[in-house]
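*Asks:* If you read the sequences in order, they're chains R and X.
Take the first sequence: its letter number 215 is residue 215 in our numbering, and every next letter is one higher.
Take the second sequence: its letter number 93 is residue 93 in our numbering, and every next letter is one higher.
Hints in this document: simulated from the structure, not taken from any laboratory.
Treat the hints with care, since some could be wrong.
Cut-off 27 Å, straight-line C-alpha distance, at most; resulting in silico cross-link-like pairs (DSSO-like, lysine-lysine) [stated by the list, open to error]:
1. R:Lys125 - X:Lys132
2. R:Lys132 - X:Lys132
3. R:Lys58 - R:Lys167
4. X:Lys132 - X:Lys116
5. R:Lys27 - R:Lys125
6. R:Lys120 - R:Lys27
7. R:Lys167 - R:Lys157
8. R:Lys125 - R:Lys58
9. R:Lys125 - R:Lys157
10. X:Lys368 - R:Lys167
11. R:Lys58 - R:Lys27
12. X:Lys132 - R:Lys167
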Amino acid sequence: MRRAVTALAVLAALVIPTATAHADDDKPEIQRMRFVESGAQLTFSTDPTTVPPGGIGKLFDTTAYEALSTGIPSTVVIRIQIAPRDSDTPVAEQLIQRSVVYDVWDEIYTLRLDQPGGRKTIKVKYRAEALKWLTALDDVPVARLDVVPIDQVFVLKMVVELNPVSKQTLTEVRRWLSQGNGGGLDRGGAFFGSFVSVFYNPKIADADRVLRIRSQPFYRPAP
Amino acid sequence: MFALVAVVAARSAGAHGAPPDGADPDSPVPEPAPQVPDDPTVDPGAPGAGAALDDPGEPDEPLHEDTEFGPVIQIEAINVTGNTATQTEIIRRALPIGPGDTLHSSDRRLRDARFKVLALGYFRDVTLSVRKGSQRGQVIVEVHVAERGTLVLNRLWFGTALSPWWLGADVGERNLLGLGVSVGGGVIFAHHTDLPDARDQYAMELRISVPSVGGSEWSAGGAATLVHGSEPYRVSGMSQRSFPYRRFGARFGATYDVSALTRLAMGMRVESISATLPVAPTRELADGRVVAVDLHLDPGVSRVVTASLAFDRDTRADPILPHAGGRLQVSAELGSALLGGNYDFATIFGRYEHYWPLFGERHALSIKLGGGVVVGDAPLFDRIHIADVDHMLTPRALGLVLSTAAPLAILGTRGDKPNYGDLGGSATVEYALQLFRGAGQRRIYGADVFFGAGLWGLAERPDLRSRDAGLVAALPIDLFGDAGVRFDTDIGTFELTIANALGRLR
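Construct the entire structure; sequences and hints are all you get.
*Replies:* The following block contains the structure:
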């Protein structure tokens, strides 16, 4: 028993620092954004001219950018929350989905933009333009002003995913991991056993790329 | 339109008074936002709008879902490249699209095709692209795969307990010669214990399965197992003896994927048991009485023939580090003289586990219920062993009992808990805490630390019919606890737990 506890303590000592390092992966990037009262709406814009550049352009590396021309659709899903600075409970949420597919015959890009204000379908000639439409965040309505009280400090939190994969698809892809060995006479292990399994185990990510972004704190000043 | 400036911006600009507490006083006033039109199809100032083409409108009828857009294409051919070992036909069969299909270029099937091929488990990456076909509107789909190693170490057995030591491994190849056929096998050796009449034990197993017969939802497989064992039985108190036996059997069956998450299985088992049983074995009870011991085996050579049916539904998004979903497994097996066996019996086993995500799926609470019932004259090895239900004991490996350690008596219920029973199971409540999750680019994808506790029980039929002690004292149940760490890595999956360590060392 003592040996088992010692082994676990050693294991914990090894694991916890690793876990702390990996936890940094989830830390959001702080970006300066511009917030504007537009009618009854609060809108925001990112700024790609800052250093480092703001916005979500870095979602596309070279591979993802070239994939826009493969004829297979690419999708960007942007989840936005406005929350009080010291709270995780949002006062407003917004979902934006933008997809693009390349027409190999007409050599044009068709984009479908689902965002506040409704769905739009547009066509552009060049891949760079398609990228702009996929990643531009300019004067995007995110909340009604009445849910953003004056003089209270808020932040905007944003999670941006490139080609997110549904949980059902992820489940299907990794299903073979839990399908057992085909079963001999060793019935007990299948129902009660624990596992140690070694193999080349590529992981299918929840999305091709994920960005977590947070704005600087902001507030609505009294008129 | 009023500019709603960042808190710091308001201070710098001297507009609208002082910012609330906590504002960053050094931030600059933001630049004016680039102008993006509300309706990009009509505003010439929008990015890219100058090159935007007129939208000719969507096709009249969506073919599969209302979010489809883009041109309608017809698949002229599908080219598969990059596969050096895996047969092309196996990849083609996995695709949800085929030559002749007409669909929108944004069709879900095109998007899912990559994952259908990845789900075979033979590739580390799959990319798809589309190029022009021979006629306008026709396209050729290019599927490029990057193969991966498919050798799997399924299980390792090692440890030392009352049996001085044991060692074994189970390995498999999931894509034999690129045919999509899975083969595997395991071997284990256990040095003999100090029990009277004990001998060295070994067992081996060979398996083969075809995960998809002819590209259908059916799969087929078989396994052959040889066990050269030495089975302990109790003669008084904790004192035990052993008797030798030999099992040789084969199991073959088929499964049908009702859906991506639900599977039905059916099978047959034929097994020969050769046991040298002690003459009139007896056991001395704590009160001095001597009773006959039923070893649940026919002396000499006997035969077990069974038919089985099983159901499996697994909705866990991540089977290695689950934080949501659940899994239900139920199996029933019937052995009968009508099938040619010497034992008439039936078993029903089930396992249910469910995970509730907490705190945004960073934590998870789960329950795990597992157990079964054995009815009739079941052979010893088909009964429920105590290590099947008490997670703090060494589990059986390829049918071998590796340790004769007694379970920890935590509740103070009856001390002479049976080694085998007709009714048994366990109930576990477990709390898992996410240590970290990677995005799939690091070598360690994720890890959880978990704490669990539960109740296990194992009873023989006589225990249920009569007892000579108080209810609590007579109940063959007890507690178990466990804690440990689970890793999901690019070289496999690992679970390191206190209970597992106890099983290897006690």
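*Asks:* Output the indices of the hints that this structure fails to meet, ascending.
*Replies:* Hints 5, 6, 9 and 12 not satisfied by this model.
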